[in-house]
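J.: Below are the chains, spelled out letter by letter.
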Amino acid sequence: MSQQQTVQTILLHFSELFLLCKVMGIYPQNWKVFQRYHDLKKSNVGVLFVIFVMLAIVVLYNLLIFSFSEEDSTLKASQSTLTFVIGIFLTYIGLIMMITDQLSAIRNQKHLGEIYDRIRKVDERLYRIGCVVNNSVLELRIRIMIALTFVCEITIMIAAYIVLLDHTKWNSLLWIFSCLPTLYNSLDKIWFSTTLYALQQRFAVINRALEDMVQVHERYKAMMAHRKRSGSNNMVKNKNVINDILFDLGHEESLKLNYLQNELRGSGLAGKLGKNRVKPVITVANSMNNFNQFQSIKKQPTKSAINIHYESELSNVSRVEDKLNDFCQLHDEICEIGKKLNELWSYSILVLMAYGFLIFTAQLYFLYCATQDQPIPSLFLSAKNALITATFLLYTAGKCVYIIYLSWRTSLESKHTGICLHKCGVVADDNNLYEIINHLSLKLLNHSVDFTACGFFSLDMETLYGVAGGITSYLIILIQFNLAAQQAKDAASSHGTNDPSQISNGADNSSEDVNDYSTALTTLMTSTASTIITASSSALN
Amino acid sequence: METNKTLFQKLDLQTPLRIPLRMFYVMGLSIFDGRQHCCTTFEKVKRAKFCILNIFIIFFVIIAISIYNYDPPYGDNFGKFNDKLKLGVVIAAHLVILCESVIAGGYTNGFFQIYSKIHLKSSTDHHWKSEMKLYWKLFSYLGGSIAFILSVEITYLMQVLDKDDWLVYFTSYTPCVFICRCRLLQFILSLELIRVELEQLNRELLQSAKGTGKVQMKFYEKFICNVLPQWMKRYEDIFEMSHSLSKSMPISPLVVFIAAYIKILSDCYWAYWVNYAKFKINEIFECSLLLPSVLNILLVLVVSKNCMRTAKLIPQSLHSIRHSVGNLCLSRKIQHFSLQICHQQIIFKAFGCFTIDCYIASGILGSIATYMMFYIQFMPKFNYL
Chain A
1 MSQQQTVQTI LLHFSELFLL CKVMGIYPQN WKVFQRYHDL KKSNVGVLFV
51 IFVMLAIVVL YNLLIFSFSE EDSTLKASQS TLTFVIGIFL TYIGLIMMIT
101 DQLSAIRNQK HLGEIYDRIR KVDERLYRIG CVVNNSVLEL RIRIMIALTF
151 VCEITIMIAA YIVLLDHTKW NSLLWIFSCL PTLYNSLDKI WFSTTLYALQ
201 QRFAVINRAL EDMVQVHERY KAMMAHRKRS GSNNMVKNKN VINDILFDLG
251 HEESLKLNYL QNELRGSGLA GKLGKNRVKP VITVANSMNN FNQFQSIKKQ
301 PTKSAINIHY ESELSNVSRV EDKLNDFCQL HDEICEIGKK LNELWSYSIL
351 VLMAYGFLIF TAQLYFLYCA TQDQPIPSLF LSAKNALITA TFLLYTAGKC
401 VYIIYLSWRT SLESKHTGIC LHKCGVVADD NNLYEIINHL SLKLLNHSVD
451 FTACGFFSLD METLYGVAGG ITSYLIILIQ FNLAAQQAKD AASSHGTNDP
501 SQISNGADNS SEDVNDYSTA LTTLMTSTAS TIITASSSAL N
Chain B
1 METNKTLFQK LDLQTPLRIP LRMFYVMGLS IFDGRQHCCT TFEKVKRAKF
51 CILNIFIIFF VIIAISIYNY DPPYGDNFGK FNDKLKLGVV IAAHLVILCE
101 SVIAGGYTNG FFQIYSKIHL KSSTDHHWKS EMKLYWKLFS YLGGSIAFIL
151 SVEITYLMQV LDKDDWLVYF TSYTPCVFIC RCRLLQFILS LELIRVELEQ
201 LNRELLQSAK GTGKVQMKFY EKFICNVLPQ WMKRYEDIFE MSHSLSKSMP
251 ISPLVVFIAA YIKILSDCYW AYWVNYAKFK INEIFECSLL LPSVLNILLV
301 LVVSKNCMRT AKLIPQSLHS IRHSVGNLCL SRKIQHFSLQ ICHQQIIFKA
351 FGCFTIDCYI ASGILGSIAT YMMFYIQFMP KFNYL
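From first to last, the protein sequence lines stand for chains A and B.
Just so we're aligned: 452 in full-length UniProt numbering is position 452 of the first sequence, and the numbers increase by one with no gaps anywhere.
Just so we're aligned: 6 in full-length UniProt numbering is position 6 of the second sequence, and the numbers increase by one with no gaps anywhere.
Just so you know, the hints here were simulated from the structure itself, not pulled from any lab data.
Careful: at least some of the hints might be erroneous.
Stated by the list, open to error - What follows is a set of in silico ranges between Cβ atoms, one per label pair, in the way DEER data are often shown:
1. T155/B / Y347/A: 46 to 52 Å
2. D39/A / I63/B: 58 to 64 Å
3. N171/A / N275/B: 51 to 57 Å
4. Q345/B / N432/A: 51 to 57 Å
5. M224/A / V302/B: 42 to 48 Å
6. I52/B / G398/A: 27 to 33 Å
7. L19/A / I347/B: 43 to 49 Å
8. L167/B / E71/A: 46 to 52 Å
9. I19/B / I146/A: 49 to 55 Å
10. S493/A / T155/B: 44 to 50 Å
11. V151/A / I347/B: 35 to 41 Å
12. I63/B / R141/A: 46 to 52 Å
Cβ coordinates follow ideal geometry from the N, Cα and C atoms, glycine included.
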């Protein structure tokens with residue numbers, strides 16, 4: 001592998017995504033520098049191109065809105081004020097999202113390169129300790145996400161064009177531009193989420209290294225205890241030791257150990273690719289209780305490949321101190337990178353979450369309107385078909401949920417390091433080590449990475465749960481307003497009085513509507529109260 | 001026979017504990033039947049046979065429902081929507097549970113392995129009376145819940161026996177609901193096991209802490225200093241248990257909670273509806289359908305709260321250990337244990353969405369009240385007909 005010589009930047013795996021982003025005008029960085037050195041460098045021409053693309057899309061999108069606005073005039077006339085207002089309110093939100101992404105890309109263009117440089121440095125240090133991160137997963141993830149994005153966007157766009165639009169009019173071709181803002185946003189978010197995943201991977205590598213140390217020491221301890229006992233009397237009486245070892249190894253595994261050992265020797269002690277695997281090997285002689293060999297094999301070129309029998313890092317305090325310190329510093333650095341990453345994308349994530357919440361609610365509301373044969377704004381005409389709506393909702397929700405989920409997982413993974421560190425302390429049971437670990441543990445308690453959307457709310461599952469509750473409540477409120485308006489209209493038409501608009505206006509002010517308002521108010525109060533309760537409970541915890 | 005015996009020695013679970021595990025295994029809720037862990041894929045597939053049975057049940061239900069065209073009385077479309085929502089969510093929850101129990105089944109095995117490991121160590125000084133108390137508690141929780149659920153549902157079934165469409169609809173979703181509730185019972189079982197271990201650890205800690213006030217200082221401090229690492233290890237194992245519990249049931253608590261929530265809402269709606277439309281059924285029975293879900297959820301919340309509260313007692317007991325200022329060794333160890341508890345917190349969350357404790361009960365009650373207001377507002381549509 002190429003990682004044997006030097007640690008390469010993870011940007012190596014971003015090349016396809018960068019090419020796509022560059023061509024479409026999302027990121028302004030210099031393409032040639034990227035191609036040659038895999039580095040993100042500031043480029044003024046790129047900035048101009050991004051701004052040009054942005055303006056072009058704004059113009060085309062407006063053209064689309066104006067060409068479709070004729071149909072909306074009928075909507076205005078048909079008294080569905082609420083639907084009309086929601087439509088107007090949400091017309092530009094997709095565009096705003098795209099503009100935010102592009103502007104923050106221009107703002108970030110200098111800092112983005114720094115982040116990847118820092119990640120590369122972290123990788124180098126990890127490599128020096130003996131942990132190598134498998135970066136090829138990133139490329140796979142990017143490819144899958146790009147494919148999913150394009151499939152979803154194109155399916156929604158083409159399906160809506162074929163099923164719902166008038167093919168005879170030339171201006172219905174403008175519909176193509178309706179998918180551009182969300183596409184741009186998705187590509188930007190793929191970039192963000194892949195970087196976030198890379199950070200999560202680094203946390204996981206640290207945790208795994210710590211856990212490996214614990215496991216090795218556990219076996220080492222069991223072996224030492226066993227040796228002591230068998231030294232004093234040859235008969236092995238203590239079954240606990242064997243039980244402990246069997247616990248770790250599993251019943252079947254212990255029978256295969258001879259084979260395992262041969263294989264390890266045969267393969268030139270290569271160990272597992274790129275990972276700090278320490279493999280204890282136990283030969284099983286005639287009886288199961290004769291564990292006479294214990295080897296730990298390290299894949300580190302500077303040190304000897306085989307550490308001779310009965311060796312565990314945790315028993316050597318001075319050496320392990322350095323290593324634990326290194327791990328904690330790396331953890332700290334990754335946390336800092338995470339915070340920086342979050343800061344760079346803070347505005348665009350905030351806008352994305354707002355977009356997700358509003359569009360999800362609106363689309364469901366329009367779906368309801370469409371099932372009741374009411375007119376809906378032309379920009380949301382995909383709501384006329386339940387299948388297209390389902391795809392659209394899945395796509396939008398998937399984007400938001402994935403980012404929230406990933407942030408939550410990364411945060412959890414960073415908190416897991418403390419847990420692993422204490423496992424080391426417990427298993428080693430050494431006075432000096434306790435001191436070191438206490439110190440580092442306090443350090444880790446203060447170094448937690450929590451992702452927020454511009455500081456407004458944290459990106460974790462609790463927020464997602466709250467948002468899901470909010471969407472349901474607002475949807476029900478909207479449907480109730482719609483029902484009230486519909487009933488008023490029906491009453492007006494059944495009475496057959498002179499001007500339906502006057503009647504409906506009158507009915508709007510009737511007690512029924514007051515009831516609606518009061519209900520909405522109670523909901524708002526209750527939901528606020530419950531949010532406060534949840535927030536306070538989480539704060540208490 | 002000989003091999004079987006050795007395997008049992010390794011995973012030493014008491015017979016009273018093996019009965020519920022076997023029961024959950026037969027229901028398809030886990031691929032772990034209280035015996036030795038299986039290693040080959042073939043065995044794993046073999047263990048999942050009851051899960052596959054369950055999937056057939058679901059398909060049968062879906063087909064039965066799709067064939068049977070259910071028409072709500074008085075053209076109540078909202079009621080129909082309610083019923084469909086309930087059915088869909090319950091079936092989805094059942095499917096999620098099945099997938100989860102097959103995919104994350106290994107963690108259940110890990111849970112009981114750690115449990116038997118701790119239990120073996122602690123049971124030497126463990127009185128058999130407390131053991132019996134635990135089993136009695138478990139039995140009353142699980143058996144009582146199941147008996148209560150069955151009795152309520154059978155009474156309701158007798159009531160609607162002459163109404164064909166009600167009967168078909170009720171019998172279609174009830175098995176799925178039952179499985180969902182058993183999933184929560186499974187959760188309760190594990191929580192209770194964790195709680196008992198925590199309590200035992202806390203008791204030992206507290207005893208030693210009391211001793212520090214009486215016995216001669218130096219000798220006793222040395223004793224505690226030697227015994228503290230064992231306690232740390234025990235706590236770590238208990239934490240591992242809670243970790244593997246949440247890994248073995250990552251999303252099903254959340255899904256089951258949501259399904260129960262929707263079911264309660266829908267049942268509330270129908271209870272109101274039966275009263276409102278003066279339908280020929282005793283409203284008490286319609287209301288009685290609410291009880292099992294409510295009790296089921298409350299039980300989980302209370303048990304989980306107790307478990308987490310016991311975990312919070314441990315640092316208190318730890319810090320009540322008195323020691324002389326000069327004893328750095330002991331103070332380091334106590335500090336380490338304290339920090340360890342800070343990091344390895346025993347908290348149960350439903351997929352990170354909310355902590356499973358009594359706080360959310362108020363939230364659930366509030367939101368059910370709110371939604372019922374909406375529902376009642378939606379309902380009077382058929383009043384005009």
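J.: Work down the list of hints and note, for each, if the structure agrees.
T.: Taking the hints in turn, this is what the structure says about them:
no., hint, in the structure
1, T155/B / Y347/A: 46 to 52 Å, "59 Å, violated"
2, D39/A / I63/B: 58 to 64 Å, "60 Å, holds"
3, N171/A / N275/B: 51 to 57 Å, "56 Å, holds"
4, Q345/B / N432/A: 51 to 57 Å, "27 Å, violated"
5, M224/A / V302/B: 42 to 48 Å, "46 Å, holds"
6, I52/B / G398/A: 27 to 33 Å, "29 Å, holds"
7, L19/A / I347/B: 43 to 49 Å, "45 Å, holds"
8, L167/B / E71/A: 46 to 52 Å, "49 Å, holds"
9, I19/B / I146/A: 49 to 55 Å, "52 Å, holds"
10, S493/A / T155/B: 44 to 50 Å, "48 Å, holds"
11, V151/A / I347/B: 35 to 41 Å, "39 Å, holds"
12, I63/B / R141/A: 46 to 52 Å, "38 Å, violated"
Violated hints for the displayed structure, listed by number in ascending order: 1, 4 and 12.
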